[in-house]
Amino acid sequence: MSTDSRLAPTARESSSHAVEITRQRKQRPFAGASARGNVQKIALAVGVLIVWWLVYGHLESFSKWLTISVLHLSLRTHLGSAVQFVIFEVPKVLMLLVLVVFAVGVVRSFFTPRRTRAILAGKRESAGNVLASLLGVVTPFCSCSAVPLFIGFVTAGIPLGVTLSFLIAAPMINEVALVLLFGLFGWRIAALYAGTGLLIAMIAGWVMGRLKMERYVEPWVYEMQSGDSSEQELTLSWSKRIHLGMEAVHDIVGKVWPYVIAGIAVGAGIHGYVPENFMANIMGKGAWWSVPIAVLIGVPMYSNAAGIVPVVQALLGKGAALGTVLAFMMSVIGLSLPETIILRKVLRPQLIAAFVGVVTVGILLVGYIFNFVL
Amino acid sequence: MKIQILGTGCTKCKTLAANAEKAVQELGLQSEIEKVTEIKDIMKFQLLATPGLVINGKVKAAGRVPSPEEIKQLLSEEEG
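Chains A and B, in that order, are what the protein sequence lines are.
Counting in numbering that gives the first Met the number 0, the first sequence runs from 0 upward without gaps.
Counting in numbering that gives the first Met the number 0, the second sequence runs from 0 upward without gaps.
Don't read these hints as lab results, they were simulated from the structure.
Nothing false has been slipped in among the hints.
Negatives, chain B to chain A, calculated, CB over 10 Å:
#  : residue
1  : Q3
2  : A17
3  : E25
4  : L26
5  : G27
6  : L28
7  : S30
8  : E31
9  : I32
10 : N55
11 : P67
12 : E68
13 : Q72
14 : S75
15 : E77
Ranges of calculated distance between the beta carbons of each label pair, as one might list FRET restraints:
#  : chain 1 : residue 1 : chain 2 : residue 2 : range
16 : B       : E69       : A       : L70       : 41 to 51 Å
17 : B       : E77       : A       : H242      : 15 to 25 Å
18 : A       : W64       : B       : A17       : 39 to 49 Å
19 : B       : G27       : A       : Q39       : 33 to 43 Å
20 : B       : A17       : A       : T76       : 45 to 55 Å
Just so you know, these numbers come straight off a predicted model, no measurement behind them.
The beta-carbon is built from N, C-alpha and C at its ideal position, and this holds for glycine as well.
Using the sequences plus the hints, can you model the full thing?
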């Protein structure tokens, strides 16, 4: 793995490579102990997974039993069905969230930014855009790393459009949003969200590449040395990968669970109290102007993915059209003001404007297409 | 021993700085922790993700927040 992960090793990199070989040799005596640790951790993970599956499969019947037999509520009343909804949905969505965030954490341990860059370097534009969008989903990324990543990619010879595909896909397709959409609306809406998000990243990046905007990148970027002198994490053990997955669960689920519960509570609460087609007139299919307005409101808004799903739930439940709501959600989480401000350090205003413009147009199209097709 | 924290000031960078401080204290070291926040200076270390932990000019971690325990280990490796 060490040889194919870099395309143009500099003197500095090869020296760090040598250091790493000696480090690996030093660790040899402990190989036996770490292998045993590996087996233990994997066995534990499999055990937890089986328990997860058993509990998950019984949540619905458990929630009904609790509502009817313990709380003495009828499922035919508003209160009863709302209570059962909460008792069923909260553990269900939280369990899904834990599983998916854990899996994504483990998958991401295979795709360090360095590996992703190595995969993308030397790819031609169209194929590069597709690959960059897909990798944007699985590579660990936070918007504060957008600038180092941008510089690292561009100086490694990855085309500007391909780099932008990555930067669009990374925040746009968010694992928390995906789980919440799956849990609350089913796999169709979750797949629509992921699929169209990927398409926007691919096409918008490709268009930006066609526009030949390299001259609007701040000139100092190209004067930077290409390379990555950070520690190499090439052959992580499985026990370390599982540990990284658990860390992701701790970080992400620990942060978003209140939003999840809020979202489900909103879903339960609006059952009876807000008229079913309250939003139909302003955000329904008939109102052609609803998509651009939803995007106009969404772009400057910034919220994490978990925070926006309760809003999505409320809008959809009250008769807003799916395309409009999807466009709103994407513009909130896909285009964020903090990220654009950070990117301003490496991109001239013209390029920032084109970036926001092209992505906005993509989101608008998604909104209209869904409103017309569905 | 020179410790540098690379990052433009996001939450993760602050957590890393706090962890490094804790590690230094627990080891009873006399090292200063410098925060590098200017992006051009950060990029001189050639990393792809922030926050970054630099010990004696070498990037020890990038794009993640090592625990105080791990930083202690990194520090004693560097010392010994």
